[in-house]
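Asker: Chains as they are written, first to last, in the working numbering: chain Y, 1 to 508; chain W, 509 to 606.
Treat the hints as calculated values from the structure; they're not laboratory data.
Built from N, CA and C at the ideal position, the CB exists for glycine as well.
Incorrect hints may have been included.
[To be verified] Derived, one-sided and incomplete: chain Y residues facing chain W with beta-carbon distance under 8 Å:
1. R333
2. G341
3. F354
4. R385
[What the hints assert, rightly or not] Listed next, the stretches of chain W that the computed footprint assigns to chain Y, with coverage defined by at least 3 CB atoms under 8 Å from CB atoms of chain Y:
5. 538-551
6. 581-595
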Amino acid sequence: MSILRATAAGLSDLLASGEVSAREVAQAHLDQIDAVDGSVRAFLHVDGERALAAADAVDARRAAGEELGPLAGIPLAMKDIFTMTGAPTTCGSRILEGWIPPYNSTITERLLDAGVVVLGKTNMDEFAMGSSTENSGYFTTHNPWDTTKIPGGSGGGSAAALAAFEAPLAIGTDTGGSIRQPASVTGTVGVKPTYGATSRYGVVAMASSLDTPGPCARTVLDAALLHSVIAGWDPRDSTSINAPVPDVIGAARSGDVAGMRIGVVREFGGEGYQPGVEQRFAEALAVLEGLGAEIVEVSCPNFEYALPAYYLIMPSEVSSNLARFDAMRYGLRVGDDGVNGVEEVMNLTRGAGFGAEAKRRIIIGTYALSSGYYDAYYGSAQKVRTLISRDFDAAFAQVDVLVSPTTPTTAFTIGERVDDPLAMYKADLCTIPSNLAGNCAASIPCGLSLDDGLPVGFQVMAPPLADDRLYRVGAALERELASRWGGGLLDQLATSPAGAYLKVGDGR
Amino acid sequence: MALTAADVARLGELARIRLTDEELARLAPQLDVILQSVARVTEVAGADVPPTSHALPLTNVFREDVVTPSLARDAVLAAAPAVEDGRFRVPRILAEDA
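This is chain Y alone, in the form it adopts within the complex (with noise of 0.2 Å):
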């Protein structure tokens, strides 16, 4: 088997039993990024010094005898918004240019002492806003699958990251959709853990309320290995669930869901779906149903409002946290000649600083939170949200999880959608409802759509603390779907012609 084409559970079996060393597979997927990111540009910074001494690390832990974990010498592709001594975080931002933090987060403390190997920080949208990271400060990431599309945002980088072969794991956060989407659109499988399940302590700050860092990986049980890994209570995350972390490993190795009552939300589908995008889910339905799984359609009516009320919560905590960007203690300074004052700096670096969709944001969040708007908007928005939990809470009392397309369209075409943003937010119109609520979601994989042969996700939801849930879900349909294709959808991309520049078809 070849160490591009392997899973992280596999790679993990062939180091513990010394048939490839840590170095080899850092080594690798070093070369795979120096061959393929010219076309594919996931990453904003690579450091294979480090990568390669992390990895000769392990190898030598493992030589002297010592019991490592599972992720022990495995790659990862870390979103740039994960700060981490030594290397830049930008957020794919230019206000952030050059930073380099003082300090690790929590999930980079947890992936370090794992073992695992960082292999550099991923492009994103600037602060993680956008479904496309057209928004990024630096460059757009293109689709493995077809590199005229778009990888999906924010966690762009980290999705194409994993669909290229560059790395078999990944880490994102998930405001909106940013882990989901992306994986939907490139054919990996993306987890949105329970809100406050995985700590954001050291994770640049979008909408506090809802970011949500995650798992990314090509396999439901590689996701299982690594959410395992980030996972759990951390007293410097006040938002942190002091609660045992699901057994997800055994979740994704069972994939068991006869008797399980799967609810299909009957809001999301129809009018704006794309037909290929339908047909794939409905097919993944009849593929749980033949499992043993019970399909029963359920109503969610607040759901329709979902979109809306992100669209001001999220500005509204956006205003609030970017203003931490004031040029004053790091970062982009502009304007300090002498002459001008602080508010002049401040306005001249902000302005120069942050790109378009951050400027849309803050102003609307700064819009929505003045006096005389705010009942009627931020207000207002606050109690949807409450009618989206009920929503949850009722359909929950019905069904063990909930499912939907993860987004409505496959990939769309770079530039197609950056003058309307509108259209460019509706790419999340089915993942947000869980970030509103905080309970868990996943993407899987569930096929090409036949109109485009582009990618289609497929999204589980389950209530707060049934991340496990997911897993069971995402295996199950993970296993049919390979034993009918005969391999992992991205086998196919692998060994398709549009594929033949990642050059790992052969399976060297």
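The hints should help you fit chain W onto chain Y, whose structure is shown.
Answerer: For chain W alone, kept in the frame of chain Y given last:
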């Protein structure tokens, strides 16, 4: 409600973002469309619905009142845009006429 370029400029100043004339001309109609679209939340936000500010019902999360290590001063100042005498150097904070 129709936001004008002048409204957006004023919001920009409140948010400490200097916007160019071209940006104002582009942003005002875009923001107008977005605000009209999100105003739909008022359709269902009845007086009887309590607001939710956070998904978790957590209140007053405290840690033990003990001293924990802070970041080293040099490590923090290394990332500063300007440093003087071991401190952040900032532009003047009072206006000429203050």
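Asker: For each hint, tell me whether it holds in the structure or not.
Answerer: Hint by hint, here is what the structure shows:
1. R333: This interface hint holds because 4 Å falls under the 8 Å limit.
2. G341: Hint on G341 (chain Y): holds, closest Cβ of chain W at ~5 Å, below 8 Å.
3. F354: 7 Å, holds
4. R385: With Cβ-Cβ at 4 Å, under 8 Å, it holds.
5. 538-551: Check passed, 12 qualifying residues.
6. 581-595: The restraint on the segment 581-595 of chain W holds, since 7 of its residues have a Cβ under 8 Å from chain Y and three suffice.
This entry satisfies every hint, going by the numbered hints stated previously.
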